[in-house]
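Asks: In case you want the letters, here they are:
There are 8 protein chains.
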Amino acid sequence: MGLNVYLSGEIHTDWREQIIEGAQGLDVTFTGPVTDHGASDDCGVTILGAESDKYWHDHKGAMVNAIRTRKGIADADVVVVRFGEKYKQWNAAFDAGYAAALGKSLVILQQPEHDHALKEVDAAALAMARTPEQVVQILRYVLTGALPG
Amino acid sequence: MGLNVYLSGEIHTDWREQIIEGAQGLDVTFTGPVTDHGASDDCGVTILGAESDKYWHDHKGAMVNAIRTRKGIADADVVVVRFGEKYKQWNAAFDAGYAAALGKSLVILQQPEHDHALKEVDAAALAMARTPEQVVQILRYVLTGALPG
Amino acid sequence: MGLNVYLSGEIHTDWREQIIEGAQGLDVTFTGPVTDHGASDDCGVTILGAESDKYWHDHKGAMVNAIRTRKGIADADVVVVRFGEKYKQWNAAFDAGYAAALGKSLVILQQPEHDHALKEVDAAALAMARTPEQVVQILRYVLTGALPG
Amino acid sequence: MGLNVYLSGEIHTDWREQIIEGAQGLDVTFTGPVTDHGASDDCGVTILGAESDKYWHDHKGAMVNAIRTRKGIADADVVVVRFGEKYKQWNAAFDAGYAAALGKSLVILQQPEHDHALKEVDAAALAMARTPEQVVQILRYVLTGALPG
Amino acid sequence: MGLNVYLSGEIHTDWREQIIEGAQGLDVTFTGPVTDHGASDDCGVTILGAESDKYWHDHKGAMVNAIRTRKGIADADVVVVRFGEKYKQWNAAFDAGYAAALGKSLVILQQPEHDHALKEVDAAALAMARTPEQVVQILRYVLTGALPG
Amino acid sequence: MGLNVYLSGEIHTDWREQIIEGAQGLDVTFTGPVTDHGASDDCGVTILGAESDKYWHDHKGAMVNAIRTRKGIADADVVVVRFGEKYKQWNAAFDAGYAAALGKSLVILQQPEHDHALKEVDAAALAMARTPEQVVQILRYVLTGALPG
Amino acid sequence: MGLNVYLSGEIHTDWREQIIEGAQGLDVTFTGPVTDHGASDDCGVTILGAESDKYWHDHKGAMVNAIRTRKGIADADVVVVRFGEKYKQWNAAFDAGYAAALGKSLVILQQPEHDHALKEVDAAALAMARTPEQVVQILRYVLTGALPG
Amino acid sequence: MGLNVYLSGEIHTDWREQIIEGAQGLDVTFTGPVTDHGASDDCGVTILGAESDKYWHDHKGAMVNAIRTRKGIADADVVVVRFGEKYKQWNAAFDAGYAAALGKSLVILQQPEHDHALKEVDAAALAMARTPEQVVQILRYVLTGALPG
Chain L
1 MGLNVYLSGE IHTDWREQII EGAQGLDVTF TGPVTDHGAS DDCGVTILGA ESDKYWHDHK
61 GAMVNAIRTR KGIADADVVV VRFGEKYKQW NAAFDAGYAA ALGKSLVILQ QPEHDHALKE
121 VDAAALAMAR TPEQVVQILR YVLTGALPG
Chain X
1 MGLNVYLSGE IHTDWREQII EGAQGLDVTF TGPVTDHGAS DDCGVTILGA ESDKYWHDHK
61 GAMVNAIRTR KGIADADVVV VRFGEKYKQW NAAFDAGYAA ALGKSLVILQ QPEHDHALKE
121 VDAAALAMAR TPEQVVQILR YVLTGALPG
Chain C
1 MGLNVYLSGE IHTDWREQII EGAQGLDVTF TGPVTDHGAS DDCGVTILGA ESDKYWHDHK
61 GAMVNAIRTR KGIADADVVV VRFGEKYKQW NAAFDAGYAA ALGKSLVILQ QPEHDHALKE
121 VDAAALAMAR TPEQVVQILR YVLTGALPG
Chain A
1 MGLNVYLSGE IHTDWREQII EGAQGLDVTF TGPVTDHGAS DDCGVTILGA ESDKYWHDHK
61 GAMVNAIRTR KGIADADVVV VRFGEKYKQW NAAFDAGYAA ALGKSLVILQ QPEHDHALKE
121 VDAAALAMAR TPEQVVQILR YVLTGALPG
Chain B
1 MGLNVYLSGE IHTDWREQII EGAQGLDVTF TGPVTDHGAS DDCGVTILGA ESDKYWHDHK
61 GAMVNAIRTR KGIADADVVV VRFGEKYKQW NAAFDAGYAA ALGKSLVILQ QPEHDHALKE
121 VDAAALAMAR TPEQVVQILR YVLTGALPG
Chain H
1 MGLNVYLSGE IHTDWREQII EGAQGLDVTF TGPVTDHGAS DDCGVTILGA ESDKYWHDHK
61 GAMVNAIRTR KGIADADVVV VRFGEKYKQW NAAFDAGYAA ALGKSLVILQ QPEHDHALKE
121 VDAAALAMAR TPEQVVQILR YVLTGALPG
Chain P
1 MGLNVYLSGE IHTDWREQII EGAQGLDVTF TGPVTDHGAS DDCGVTILGA ESDKYWHDHK
61 GAMVNAIRTR KGIADADVVV VRFGEKYKQW NAAFDAGYAA ALGKSLVILQ QPEHDHALKE
121 VDAAALAMAR TPEQVVQILR YVLTGALPG
Chain S
1 MGLNVYLSGE IHTDWREQII EGAQGLDVTF TGPVTDHGAS DDCGVTILGA ESDKYWHDHK
61 GAMVNAIRTR KGIADADVVV VRFGEKYKQW NAAFDAGYAA ALGKSLVILQ QPEHDHALKE
121 VDAAALAMAR TPEQVVQILR YVLTGALPG
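Protein chains in written order, with full-length UniProt numbering: chain L, 1 to 149; chain X, 1 to 149; chain C, 1 to 149; chain A, 1 to 149; chain B, 1 to 149; chain H, 1 to 149; chain P, 1 to 149; chain S, 1 to 149.
Same shape as in the complex, but just chain L:
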């Protein structure tokens, strides 16, 4: 058994790298969004032409990014959604809802101060983790039955 894991959410820390590195040797394929903030914001207009209205500027980019996001989530067995300390992060919560409706196994990576605000998201998840290392331990256990320690 191998797992496809989509890593959604916060893009300002190296949590993805920690998980990918920690999972080395496991039969896991990772996917995720484009994490270059500038490219992600501007991909629509850079490729398809400038927009004078910021709303459509954003819209064109978000739709192009959706090609990648939807493919990644559709192919995933497990969707890990990380909520960081800053920003609205509505795209992360959107991905969580999208994945839940598709019946994906959800793992949420969050800090204690967000527990109350994330209770509806957590209610659809199979695990709520505090650290990337815990996510790795979940993946290892799911694939091999091995527990840490």
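For the record, the hints were derived by calculation from the structure and aren't laboratory data.
Given the structure is predicted, the values throughout are model-derived calculations rather than measurements.
Just so it is clear, CB atoms sit at the ideal spot from N, CA and C, and this is done for glycine as well.
One or more of the hints may lead you astray.
In silico DSBU-like cross-links for lysine-lysine, where the CA-CA straight-line distance does not exceed 35 Å [what the hints assert, rightly or not]:
#1 L/54 with X/88
#2 S/86 with S/54
#3 C/86 with A/86
#4 X/88 with L/86
#5 L/86 with X/54
#6 B/54 with P/88
#7 C/86 with A/88
Which chain P residues face chain B? A few, computed with CB under 8 Å, are given here [said to hold, decoys possible]:
#8 15
#9 55
#10 66
#11 88
#12 90
#13 91
#14 93
#15 100
#16 115
#17 117
#18 118
#19 119
#20 122
Keeping the supplied structure of chain L fixed, place chains X, C, A, B, H, P and S upon it in accordance with the hints.
Replies: Just chains X, C, A, B, H, P and S now, with coordinates in the frame of chain L:
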């Protein structure tokens, strides 16, 4: 043709009432979450027994609320998601993602200062409105073909 | 047994009225797009605000119309698509493809000069009719077993 | 992440070749219809026997072609639909509708003079491109995050 | 709880009438194909125009009949398929397979001499009955819990 | 909003009656299996003929009962599964799994001594209740927002 | 593009071998039922124990065979169903209906004397062929665009 | 044709090993739950932090195990569920129901004393076996057509 419309999101203003009142005379059935904040937070422990840990207190409530939320969204033709001025509102974005994955017609009700943060959500929507009145006008047009003015 | 029938396509002649009138007395519920050309083109900007760019003007309207179109097709048992003599009518062919993928029973109403151009569309249909009266006869036969004459 | 891309629509210019060539080095598998116009028209009768009636001649061919088309679209992550300058091209719009109903990521390749006629098709798409090169740039960005320039 | 029951198969005896009469007073809605053999064979050409080739004559009729058949089976909770003593009855077996793939509850009504030939069909069924009366008893038990005698 | 609620599991106490009575006045439609143990065991052979082998005796009955069970669960919004004090009750756990895979909202009604044995079942549920009264309170809250006390 | 092709139906002639041999060099994977008549009839009792009642003898075998049949059809892109000259062949028609409901591309291989009896089956098919060679030509054309001659 | 087989249920004897060993040389991929009882019970708290309440201790573990279980069943063609001599084994019956609702081919491995209690589970299965060797023989027959002896 009639429409089932689920009204998701912000619970601190009367936007739901404005839409429901404005839509009087149209063949629309509205549903939505329990909007009594206290009841929504405590329903789990009030019915099923207290929890010493706040996380499970919240979890039990969120799961009971999910019975209503999932039924409402599953039966809806149109899901309107309102993002207010305050709070994280991750449950609203979660509902939007959930509805999008089920192929529901999404209408997002948002303020201009949130446009950039909501671009991924809007990319899955069929309309982005600024006021409850606009939502009513959409419903009226969809059902009757009549435009305002 | 009753039937929900969606009438898609050409909006410049009275074919919908002919079918609806001919089917009086049968247990059929008809739906269809907004057929007021001006309203259909401008609904997006009239309700949600003007756009300086014609592309987004059209886009906003097409998305609002999609709320009605998708609901109508999703609820339909039979989708009748009429190709008229003029215009590109790509929305009609789009609706036919959309309905086919959902497994709806397709009836195409077309003129002989379009037979070759519509062969892929017809290949997904259960009937190709030349006149609205034939569509009525199909509906009557399907519901009651009665044939004309 | 790799992508299956179905190239639907116009068969009289070399836009497919441009995209396939431009995408060399990317993890993309391309499929599409049989683009030999004569073979596509006559495949049914050539294999399964002549028809005296042109309608059934076309019908037999269109159904054989549907074996390929449906397989290609069903397996695709992205469906690119190109509308050329001539002909009715209802099969292209049909494919777009079919792909949209299956939840595929749609990219439409069109000229400005068709913008109004294609507004319903574009409303279901994640990108509207003017050139094959833009389609390649989208695929490259989706797969690698790299933008042109 | 009410049941939609589709009565498929043999059209030369009054087994449908026996079941419908026997089920009077139960909350059952019955549907079925057009059972007028001549109308069923000729509906296509009578409505949509004559065909010189018998194969297409039959084809047009079978496709029109499919509008009714597919609707009836799609809406059914229970599909009863009766195999009579004569004819090939491939349409009956086709309906059984179609219903099985949709997860409908299948009841097969057959004579002992067909048991071996119907073993694959029976393997997908929840009941194999010998008489219309048994089918009525099944429906009564399923709806009310009452057994005969 | 109304709810269809399927009451699965233990048939030796009056928990169904307690819930149905407690829910009077709420917009709930209840369904459930045939709870007459003897009828449930013997329905197959009573209607369709005796079997000399006890295994097929049971099998015929279980398949007839499945017509009712599958319809009830398929139509349900909420499936309540009660585990009693005695017997294997594998049919109850089977129903829970069946309902979970269909995405139904599961409520499990169980005693503390079964908590460990039911942990996998509970992990798929939105509520674990100890008393029929709690189930009624959940239904009332979900439908009306009213909490007890 | 490769194709999975399931070869259903008649087991007394070498039509499967003709197709498989003819398709050598094409990217096709063939599956089909167990074609050893005796093994197919007796597999249930041989493995799982004798039955005194012929009906259950047949039933056990048919269910074991269904494991293979359902897997084969579920994985297939194209289902070819061959109706031979003899026997009831209800399993062939059942497979055709099953495949049709799953949206598989159906090809029927039949003799002219069966055309009328197979009209409902043919109405769900994309091709009606007379010879195994024609089936091979269809597969070659679908995969490569090459026509015979 | 290859098969993915999920081995669910009893974890105290070596039935899985017997099946896997017996199936050597066949094109079968086996998956199953973590069968280390202690790890399975404690995985949640070991990875994600201790719980003072035994219910949540169990709950966290059961949800982590569900990541593996759901993936295994979702990917399976055949789900074998073994009921042993002891314990409640509700998770086994839950898996059987879950697999049945997804349309998987079910094989139940059970002892005669459980036949009556398992009749509803067996009614959803394609085979009821008494020994691991019989399961191997089924797999061999399904894949190769070869019968024992």
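Asks: For the pair we were handed, residue 88 of chain X and residue 86 of chain L, check the Cα-Cα distance against 35 Å.
Replies: holds (10 Å)
Asks: Would the stated hint for residue 88 of chain P survive a check requiring a Cβ distance to chain B of less than 8 Å?
Replies: holds (4 Å)
Asks: Classify the hint on residue 119 of chain P as holds or violated, based on whether any CB of chain B lies nearer than 8 Å to its CB.
Replies: holds (4 Å)
Asks: With a cut-off of 8 Å on the beta carbons, see whether residue 91 of chain P makes it to chain B.
Replies: holds (4 Å)
Asks: Would you mind confirming whether the straight-line C-alpha gap from residue 86 of chain C to residue 86 of chain A stays at or under 35 Å?
Replies: OK: residue 86 of chain C and residue 86 of chain A at ~14 Å, within 35 Å.
Asks: For the pair supplied as a hint, residue 86 of chain L and residue 54 of chain X, is the alpha-carbon distance within the 35 Å limit?
Replies: holds (23 Å)
Asks: Can you confirm whether the C-alpha distance between residue 86 of chain S and residue 54 of chain S stays at or below 35 Å?
Replies: holds (23 Å)
Asks: Once the shortest beta carbon distance from residue 66 of chain P to chain B is found, is it less than 8 Å?
Replies: Constraint on residue 66 of chain P satisfied, holds at 5 Å.
Asks: Is the hinted pair residue 86 of chain C and residue 88 of chain A satisfied, with a Cα-Cα distance of at most 35 Å?
Replies: Given that 35 Å is the threshold and the Cα spacing comes to 10 Å, the pair holds.
Asks: Using Cβ atoms only, decide whether residue 122 of chain P comes closer than 8 Å to chain B, and label the hint accordingly.
Replies: Hint holds; residue 122 of chain P Cβ to chain B Cβ min 6 Å, cut 8 Å.
Asks: Would the hint on residue 55 of chain P stand, with a C-beta cut-off of 8 Å toward chain B?
Replies: holds (6 Å)
Asks: Would the hint on residue 100 of chain P stand, with a C-beta cut-off of 8 Å toward chain B?
Replies: With a closest approach of 6 Å, the residue 100 of chain P hint holds.
Hint 8 from the earlier list is the only one contradicted by this structure; the remaining hints agree with it.
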